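Asks: Quick note, the sequences are listed as chains A and B, same order.
Add 75 to the 1-based position in the first sequence for the numbering used here, that's all there is to it.
Add 5 to the 1-based position in the second sequence for the numbering used here, that's all there is to it.
Hints in this document: simulated from the structure, not taken from any laboratory.
Quantities reported herein were computed from a predicted structural model and do not represent experimental measurements.
Where is the CB? At the ideal position from N, CA and C, for every residue including glycine.
Some clues are possibly wrong.
[Unchecked claim] Mimicking DSSO-like on lysine-lysine, the simulated pairs with C-alpha atoms at most 27 angstroms apart in a straight line are:
#1 Lys52/B <-> Lys308/A
#2 Lys293/A <-> Lys52/B
#3 Lys16/B <-> Lys66/B
#4 Lys106/A <-> Lys129/A
#5 Lys129/A <-> Lys428/A
#6 Lys52/B <-> Lys288/A
#7 Lys55/B <-> Lys428/A
#8 Lys428/A <-> Lys141/A
#9 Lys428/A <-> Lys106/A
#10 Lys141/A <-> Lys16/B
#11 Lys141/A <-> Lys77/A
#12 Lys52/B <-> Lys141/A
#13 Lys16/B <-> Lys55/B
#14 Lys174/A <-> Lys307/A
#15 Lys307/A <-> Lys466/A
#16 Lys293/A <-> Lys141/A
#17 Lys288/A <-> Lys307/A
#18 Lys129/A <-> Lys308/A
#19 Lys77/A <-> Lys129/A
#20 Lys428/A <-> Lys52/B
#21 Lys106/A <-> Lys141/A
#22 Lys55/B <-> Lys288/A
#23 Lys466/A <-> Lys293/A
#24 Lys428/A <-> Lys466/A
#25 Lys308/A <-> Lys55/B
#26 Lys308/A <-> Lys95/A
#27 Lys55/B <-> Lys293/A
#28 Lys77/A <-> Lys95/A
[Said to hold, decoys possible] Here are the simulated distance ranges between beta carbons:
#29 His131/A <-> His29/B: 39 to 49 angstroms
#30 Pro33/B <-> Lys365/A: 50 to 60 angstroms
#31 Pro94/B <-> Asp364/A: 31 to 41 angstroms
#32 Pro33/B <-> Thr225/A: 43 to 53 angstroms
#33 Arg243/A <-> Thr23/B: 20 to 30 angstroms
#34 Gln78/A <-> Thr23/B: 50 to 60 angstroms
#35 Cys14/B <-> Thr461/A: 51 to 61 angstroms
#36 Cys14/B <-> Ser108/A: 49 to 59 angstroms
#37 Pro94/B <-> Thr225/A: 51 to 61 angstroms
#38 Gly90/B <-> Tyr212/A: 41 to 51 angstroms
#39 Thr225/A <-> Thr23/B: 28 to 38 angstroms
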Amino acid sequence: MKQHYSIFTLARNAVSYHEKWTEAWRSPDPKPSYDVVIVGGGGHGLATAYYLAKEHGITNVAVIEKGWLGGGNTGRNTTIVRSNYLWDESAHLYEHALKLWEGLSQDLNYNVMFSQRGLLSTAHTVHDMQALRRRVYAIQLNGIDSEILTREQVAEYCPILDCSPTARYPVFGASLQRRGGVARHDAVAWGYARGADARGVDIIQNCEVTGFKIENGKITGLETTRGSIGAKKVGVVVAGHCGVLAGMAGFRLPIESHPLQAMVSEPIKPVLDCVVMSGQVHVYVSQSDKGELVFGAGIDSFNSYSQYGSPPVVENMLNALTELFPIFSRLRFLRQWGGIVDTCPDASPIIGKTPVENLFFNCGWGTGGFKATPGSGHVFAHTIATGEPHKLAAPFALERFTTGYLIDEHGAAGVAH
Amino acid sequence: MLLIPCPYCGKRDEHEFTYAREGHIARPTNGEQLTDAEWAQYLFMRKNPKGVHYERWMHAKGCRRYFNVARDTVTHEIYAVYEMGQPAPVIERENGR
Ligand SMILES: Cc1cc2nc3c(=O)[nH]c(=O)nc-3n(C[C@H](O)[C@H](O)[C@H](O)COP(=O)(O)OP(=O)(O)OC[C@H]3O[C@@H](n4cnc5c(N)ncnc54)[C@H](O)[C@@H]3O)c2cc1C
Ligand SMILES: [Zn+2]
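Please take these sequences and the hints and turn them into a complete structure.
Replies: In structure tokens:
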């Protein structure tokens with residue numbers, strides 16, 4: 076077992092000037108074969124490996140990552156966590172994740188800096204407000220916290236938001252999920268990696284999967300840039316690259332890959348103590364612990380695998396931001412970046428079996444999968460371990476595109492993350 | 006920012022266009038004979054390639070006509086622009102991606 080992190084280890088290491096911390100996980104060479112190989116070392120892949128070991132006792136597992144841990148969307152996202160989705164299937168899945176978030180730092184013995192600072196979704200037209208009410212009532216019926224604020228209550232809750240009647244995007248009201256918030260993205264990847272490694276999982280970075288070995292419709296292993304690796308079961312969790320990996324396995328997905336951009340401002344003193352998002356005018360913002368404002372917008376319209384986007388999207392987002400928050404209009408940008416998101420026609424993920432036996436995919440989280448990381452890993456580990464979908468994951472099977480049982484979450488997930 | 010050569014108007018900034026996604030997807034003419042899985046292929050399944058993508062754009066703030074583009078989804082380089090109804094050109098590239 077690795078060194079346990081606590082106030083005492085912190086004090087002890089302070090005495091030695093923090094030069095004696097041990098590595099958080101090993102970097103072994105790949106073994107010839109594993110019971111389970113997880114492709115993709117983002118939060119979802121690492122969480123899957125962690126729960127495989129912790130909940131199912133399956134420890135002969137490798138996580139194969141082509142770059143570095145969390146270097147995909149996990150380390151590029153704006154870290155909004157919430158569970159206010161419209162349909163029962165999604166509400167249950169995201170709420171399962173939110174409950175795991177609430178105990179995650181303790182469970183992992185790693186501070187993921189989960190901050191339930193409250194999440195406000197604003198409405199700017201009569202129809203927007205009607206849709207928002209419908210969603211809040213549905214969420215409440217699922218026993219999940221969500222409430223409606225009037226314009227006056229919004230102005231009180233978030234004073235820097237322009238709620239004046241003459242605003243270009245007048246605020247008609249908002250929904251509030253008090254248990255929503257943000258977390259530290261890298262820490263989620265690192266915490267799961269450390270926890271999985273401590274239970275025997277091999278974490279292999281700088282190793283790209285380049286093909287699958289499939290015999291009689293059944294997976295037997297993978298080709299990688301560090302040689303072939305045998306595997307009884309394979310779980311693919313590669314976000315924007317899921318189409319590429321599906322192509323290697325000989326099938327197609329209902330997914331297209333798009334850039335999603337985000338950016339941060341220069342750091343300023345605390346000014347925003349909640350998360351604010353507006354699906355109507357396409358912007359969401361929170362303030363990091365360092366003081367930077369973190370914003371994001373909608374996807375770039377075209378298919379792309381380049382991790383940058385186009386300026387018109389940034390311009391639209393900044394228009395919306397400065398109309399909603401005139402106080403931000405003179406801030407300077409620090410950085411801007413993009414990630415490649417895997418968007419699905421119904422804005423819901425795909426979790427489960429594929430046409431190839433013992434090959435499982437977990438993808439399609441698109442613009443909003445960070446919040447699901449613990450829940451996604453948890454249900455996917457169950458699906459891989461037992462060979463049958465976890466009951467929360469079952470509705471999200473690939474077959475829904477054949478049966479027509481789509482789970483349309485564009486209202487809750489379209490622009491909002 | 007993409008600079009897209011509209012076949013009718015010439016080179017214009019990306020923000021004048023709307024993206025109309027993967028091209029050359031023909032609606033099945035024998036719809037009543039298709040299985041649900043075949044419908045799913047037509048309606049939802051996409052190539053989503055890392056490399057050349059044959060796609061449609063519409064010049065929304067210009068001539069408002071649709072046309073096809075062959076574009077690299079990694080470099081964003083536009084290899085060819087051609088009218089609706091034309092077959093997809095074969096793109097030979099040095100890096101072979
Ligand atoms: C700008 C932006 C903002 C976002 N904001 C939010 C938000 O506020 N809230 C929210 O809930 N979600 C948000 N998201 C979405 C969220 O980031 C993702 O849904 C989630 O992080 C996906 O996690 P993952 O582990 O599945 O994927 P990733 O973290 O992308 O991990 C996939 C990994 O697979 C690896 N990989 C790919 N191909 C191969 C291969 N052939 N071999 C080996 N490894 C491979 C990649 O290198 C990558 O590390 C945002 C996304 C972006 C880009
Ligand atoms: Zn034109």
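Asks: Now, for every hint given, state plainly whether the structure supports it.
Replies: We went through each hint and held it up to the structure:
{"no.": "1", "hint": "Lys52/B <-> Lys308/A", "result": "25 angstroms, holds"}
{"no.": "2", "hint": "Lys293/A <-> Lys52/B", "result": "23 angstroms, holds"}
{"no.": "3", "hint": "Lys16/B <-> Lys66/B", "result": "13 angstroms, holds"}
{"no.": "4", "hint": "Lys106/A <-> Lys129/A", "result": "21 angstroms, holds"}
{"no.": "5", "hint": "Lys129/A <-> Lys428/A", "result": "22 angstroms, holds"}
{"no.": "6", "hint": "Lys52/B <-> Lys288/A", "result": "21 angstroms, holds"}
{"no.": "7", "hint": "Lys55/B <-> Lys428/A", "result": "23 angstroms, holds"}
{"no.": "8", "hint": "Lys428/A <-> Lys141/A", "result": "23 angstroms, holds"}
{"no.": "9", "hint": "Lys428/A <-> Lys106/A", "result": "25 angstroms, holds"}
{"no.": "10", "hint": "Lys141/A <-> Lys16/B", "result": "37 angstroms, violated"}
{"no.": "11", "hint": "Lys141/A <-> Lys77/A", "result": "25 angstroms, holds"}
{"no.": "12", "hint": "Lys52/B <-> Lys141/A", "result": "22 angstroms, holds"}
{"no.": "13", "hint": "Lys16/B <-> Lys55/B", "result": "25 angstroms, holds"}
{"no.": "14", "hint": "Lys174/A <-> Lys307/A", "result": "31 angstroms, violated"}
{"no.": "15", "hint": "Lys307/A <-> Lys466/A", "result": "23 angstroms, holds"}
{"no.": "16", "hint": "Lys293/A <-> Lys141/A", "result": "24 angstroms, holds"}
{"no.": "17", "hint": "Lys288/A <-> Lys307/A", "result": "11 angstroms, holds"}
{"no.": "18", "hint": "Lys129/A <-> Lys308/A", "result": "17 angstroms, holds"}
{"no.": "19", "hint": "Lys77/A <-> Lys129/A", "result": "15 angstroms, holds"}
{"no.": "20", "hint": "Lys428/A <-> Lys52/B", "result": "20 angstroms, holds"}
{"no.": "21", "hint": "Lys106/A <-> Lys141/A", "result": "17 angstroms, holds"}
{"no.": "22", "hint": "Lys55/B <-> Lys288/A", "result": "21 angstroms, holds"}
{"no.": "23", "hint": "Lys466/A <-> Lys293/A", "result": "24 angstroms, holds"}
{"no.": "24", "hint": "Lys428/A <-> Lys466/A", "result": "14 angstroms, holds"}
{"no.": "25", "hint": "Lys308/A <-> Lys55/B", "result": "26 angstroms, holds"}
{"no.": "26", "hint": "Lys308/A <-> Lys95/A", "result": "38 angstroms, violated"}
{"no.": "27", "hint": "Lys55/B <-> Lys293/A", "result": "25 angstroms, holds"}
{"no.": "28", "hint": "Lys77/A <-> Lys95/A", "result": "14 angstroms, holds"}
{"no.": "29", "hint": "His131/A <-> His29/B: 39 to 49 angstroms", "result": "44 angstroms, holds"}
{"no.": "30", "hint": "Pro33/B <-> Lys365/A: 50 to 60 angstroms", "result": "54 angstroms, holds"}
{"no.": "31", "hint": "Pro94/B <-> Asp364/A: 31 to 41 angstroms", "result": "52 angstroms, violated"}
{"no.": "32", "hint": "Pro33/B <-> Thr225/A: 43 to 53 angstroms", "result": "51 angstroms, holds"}
{"no.": "33", "hint": "Arg243/A <-> Thr23/B: 20 to 30 angstroms", "result": "24 angstroms, holds"}
{"no.": "34", "hint": "Gln78/A <-> Thr23/B: 50 to 60 angstroms", "result": "55 angstroms, holds"}
{"no.": "35", "hint": "Cys14/B <-> Thr461/A: 51 to 61 angstroms", "result": "57 angstroms, holds"}
{"no.": "36", "hint": "Cys14/B <-> Ser108/A: 49 to 59 angstroms", "result": "58 angstroms, holds"}
{"no.": "37", "hint": "Pro94/B <-> Thr225/A: 51 to 61 angstroms", "result": "58 angstroms, holds"}
{"no.": "38", "hint": "Gly90/B <-> Tyr212/A: 41 to 51 angstroms", "result": "49 angstroms, holds"}
{"no.": "39", "hint": "Thr225/A <-> Thr23/B: 28 to 38 angstroms", "result": "37 angstroms, holds"}
Consistency note: the structure conflicts with the earlier hints numbered 10, 14, 26 and 31.
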